[in-house]
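A.B. asks: The chain contents come next:
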Amino acid sequence: MLGPDSKGGWRMTNTNPMTIYRTHGRKLSIAALATVAGLWAAPPGAANPAATDAETGQRIFQEKCAACHTVGGGDLVGPDLKGVTAQRPREWLQRWIAAPDEMLAAGDPVATALLHRFHEVPMPNSHLNAPDIAAVLAYLATSAPGAAMAPATGAVAGREESTPALGSGGAATAAVGTTTALAAGTSIAAVGDPEIGKELFTGAARFRNGGPPCMACHSVAGIGALGGGQLGPDLTTVVTRLGGVAALRAFVGGSPTPTMSAIWSRTPITTGERDDVVAFLAQAALFQRPAQAMWQLAGLSALGLVILLAIIGWVWRGRLRDGVRRPMIAKQRKARS
Amino acid sequence: MKIQSQVSMVFHLDKCIGCHTCTIACKNIWTDRKGAEYMYWNNVETKPGTGYPTRWEDQDKYRGGWRLDQKKNRLHLRLQGKWGTLGNIFYNPYLPTLDDYFEPWTYDYQNLFDAPEGDDQPTARAVSMITGKYMDTIEAGPNWDDDLGGSQVYANNDPNLDGASEEERRQMQEIERVVFFYLPRICNHCLNPGCVAACPAAAIYKRGEDGVVLVNQDRCRAWRMCISGCPYKKTYFNWSTGKAEKCILCYPRLESEQPPACFHSCVGRIRYVGLLLYDASRLEQAAKAPQESLVQAQRDVIMDPFDPEVIAAAKASGVPDLKIEAAQQSPVYKFVKRWGLALPLHAEFRTLPMLFYVPPLGPVLAKMNKGMYDTADADSEGLTPMMSALEKSRMPLRYMASLLSAGNEQIIRDVYRKQMAVRLFMRAKTAKDVPAAEVEKALTEGNTNAQEAEAIYRLTALPTYEERFVVPAMERETAVEDLFPALDPVARNYPVHKGEVGIGYRRDPRRGP
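So the sequences go chain by chain: B and V. When we follow this note's numbering, the leftmost residue of the first sequence carries the number -11, and every step to the right adds one. When we follow this note's numbering, the leftmost residue of the second sequence carries the number 32, and every step to the right adds one.
Errors might be hidden in some of the hints.
Label-pair distances were calculated between CB atoms; the ranges are [unchecked claim]:
1. V:Gly172 x B:Pro315: 15 to 21 Å
2. B:Arg321 x V:Asp91: 21 to 27 Å
3. V:Gln152 x B:Val294: 56 to 62 Å
4. B:His115 x V:Phe121: 42 to 48 Å
5. B:Ala290 x V:Gly172: 24 to 30 Å
FYI, nobody ran anything at the bench for these hints, they're computed from the structure. Ideal Cβ positions, reconstructed from N, Cα and C, are used throughout, including at glycine.
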C-alpha cells in the first residue's frame, strides 16, 4: 500500500523519467517531464535513496519479470502489474515474489486462481532476496494509483490515475499492443520471418550469439516425424497456451524458466531472431501435429529394429548355434537312415 | 639369449591305462564347486574320438590358437583381432555350448531310502546339476566315447581323421582291427598362450618364475574370449562366479615341492614333471616356423641345462641355481630334447605347448594266415616285423602325425623307430630271442645306442618318485623379492625383473592388527 510512502523516504516511488517513458509510453511523456522537473526541484537528500531503490527495482524487473509481465503494458503470460501494489497486501506480494512455487504448492487461493486465469503457466522462482523484492515492489508502487509522488504536481498524479483505464483498454499498450491483437494467430509476417524462424528452430541456421537450436530441447509440429528434444515442452500450441504472440515474444526474449535462462543468459537471443522464432511458432500453431506422425515414428523404429537384427544376424552368422555335438550326431543319423 | 625356466610335463601314452584317477584327483581338489560341475581341468580322452568338448581340435568351429600370416610373417589369433574383440565383446560367437561339454548330472540317491512301498525296486534317477530336473536320457558325458575305438559316431568324427583315406577309415572300423589309446589332457601352460592373447581384460598371465598360466579372478570380466582363444579348450567359464577358470598346475603344491595332484595320483605312472630352460628371445621365431618344422623349432627353443653358456645366461636373467640344477635332473628334458621321444600336442596351433606326449606304440596290423597271425613278411627296407610295424601299424602314422607332430610323419617315424629299438634291445637282454645283429640294426635305425636305450627303458619302466617328479623349491620369497625389492619402499612398486612372457601380479598380504 502506498500509505506509508509519504512518511518513509525509502518508499518514495521511482521517478526516473526514462522508466516512466518506457513503461507508460509517449502519453505519459508530459507527466514524466513534469515529474523530472518536480524531482529536480525537490531537495536531493530526500529523493535520491528512493530513486536508487526504485531504479534497482526496475532493473531487476527488466531482467527477471519482463518476460511475462508489463507495468501498464497489458497482460502477457502473466498479468499486467500496474497498480498491483494497491490490489494485494504487501506481505502477500513479498511472499509470492520470493517463492511462487512454494505458495502454489501450498495451495494459496489467490495464487491458484491466478494460475488458472493466466494460461496455467506457473510463475517460476526467480530467487530474489529480500532487498531485491523490496526494490521491485518499490518500482511497482510507482505505477499504482495514488502513487502520486508527493513532490510531483497534481497534474501528474491525475494522469497516472487515469493510466489503468487506458492500459486495460488494450489499445494503449504502445510497445506490444500491435502484436497482442494478433494473438489469434492470423498473421505476423510483418514482424518476423517464419521461414528463418524455422531454420533457427531446427538448427539449419545458427543463432548469432551461439545459442543452441530450439529443437535440441523442444519439439513442434512441422519439423518431421521424429520431432525434436523432449527436455522442454512441445511448442506446437505455445502461442495459444501462453496467451498470444506478444506474450510469447516477451517470454522468448526473457527466458524466464530456470532451464532456459541458464542457457540464454550466456548466449542471448537477438530481437530479430526472437521475432523470427516467434513468427515460426505462431505459424506452427496454425496446424495440429499430424496424427500419423506417431505411426511414422513407430514405423521408423520397427524398420530400424529389423535392419539392426539383420546386421546382427549377418555379423554373427557363424556362431555355434546348436553347438557341435548335436549337429554331428544328427548328421550321422541322417547318413545312416 | 634370454633364459627362463618353466615347469613342463611329459605324459607317456604307452603307459596310460585310461583309469581317470588323475581326473578324479583334480575334480575332488579343484572343481568340486558350484558352477564348476561341468569342468574337468584334467580329462582323459579316448583316441580316435571327438574328445571334450566335442571336436575341440576343430578350429574352423572354435577358432582357437594362432594363424600365421605368411605374407607379412605375422601371427594372428585365429579368433579375432582387436576390432573383432570389440565387435564381439558382448557376444563371443565361437563358444562351445554346455552340450558340447556335457550337462553335468548326479543321481537322486535319497529316493533309494525314501521311496514309498511299491511293486518296483526304487531307483536313483539322474538329476541335472544345471536345472535340478530329472534327466530321462543322458546324451553325453565328458568321456562319453570312453573305450569306444572305431565307433561310428564319435571315433569316426575325430578331426585327426580328416586326412585319412577311405581304406584307412574302413580298416580302423573293422571289429578285429579296432584300435584306440588314451590321451590325458591338462592345460599345456603354453609359451605362446592363445588364452592370454585373447583376453580383453588382461586377466590371464603366465607366471614368470615357473610359467604357470593363471587367471586373475579379480580382473576377469567374463568376456570368455580365452575359452575360444585356447585351442585346447582348457579354460572354462564358471557360471556361478562369472569368472574364467583353468588348470593351475596345482601351484600351491608346486610351491611346496610336490607334483600336481594328477601327477601324484597317476596309477600308470605315465606322468613326469620337471623344469625346462628355454630361450625366451626365440619364442616368436619358433611360433612362426613353417608347419612341418614346428616341432623341431620348439625343441630348438629348449636349451641344454649342462651347456656352460646357457647356465651363465640363465644366471644373468635371474634363474636361481636351484632351478638350474633341477633342470639338469629334469626327466622332461630327457624325453623331449635329449631323446626326442616326447612331442607337443597339436603344435600347429602355434601356442608352443609345454606338455609333451610320448606317442603310444599301437598294435601291429597283422594278416590272418591259416588261423594264425602272420607277421613274418619283412617290409621294403628289409626290416624285421617288429621294426616294420610302423608302416603296418593299425593306427596310421598320419593320424599320429596329425595329433603330435603338426603333420610331419617323419618325426613320428623317428620316435617309433627309437621306441622299437629300445623294445628289441630289452627283449634281447631279457628274453634273449633276438639276434645281436638285429638289435644292432634296430639301434642304428632308431638313431640310438645301447646306453641310451637302457636309460630310456629305466625312465620309462622303472622310474622312482624322485625321478618322475623333479620339482625344485619354488623359492617364492626370493622370486617375489626379485620382482619387487621388498624393503625399499620406493622400488617396491616397480618390478625389477619383468617376466618376458607374463607378468605376475601381487598384492601385499593383509595382516591382522
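A.B. asks: Take the hints in turn and mark each one as holding or not.
C.D. replies: Each hint, compared with the structure:
In this structure the hint that Gly172 of chain V and Pro315 of chain B lie 15 to 21 Å apart at CB holds, the actual value being about 19 Å. The hinted range of 21 to 27 Å is satisfied by Arg321 of chain B and Asp91 of chain V, whose Cβ atoms lie roughly 22 Å apart. About 57 Å separates the C-beta atoms of Gln152 of chain V and Val294 of chain B, a value consistent with the hinted range of 56 to 62 Å. The hinted window of 42 to 48 Å between His115 of chain B and Phe121 of chain V holds, with their beta carbons roughly 46 Å apart.
Distance hint check for Ala290 of chain B and Gly172 of chain V: the Cβ-Cβ separation is about 46 Å, which falls outside the suggested range of 24 to 30 Å.
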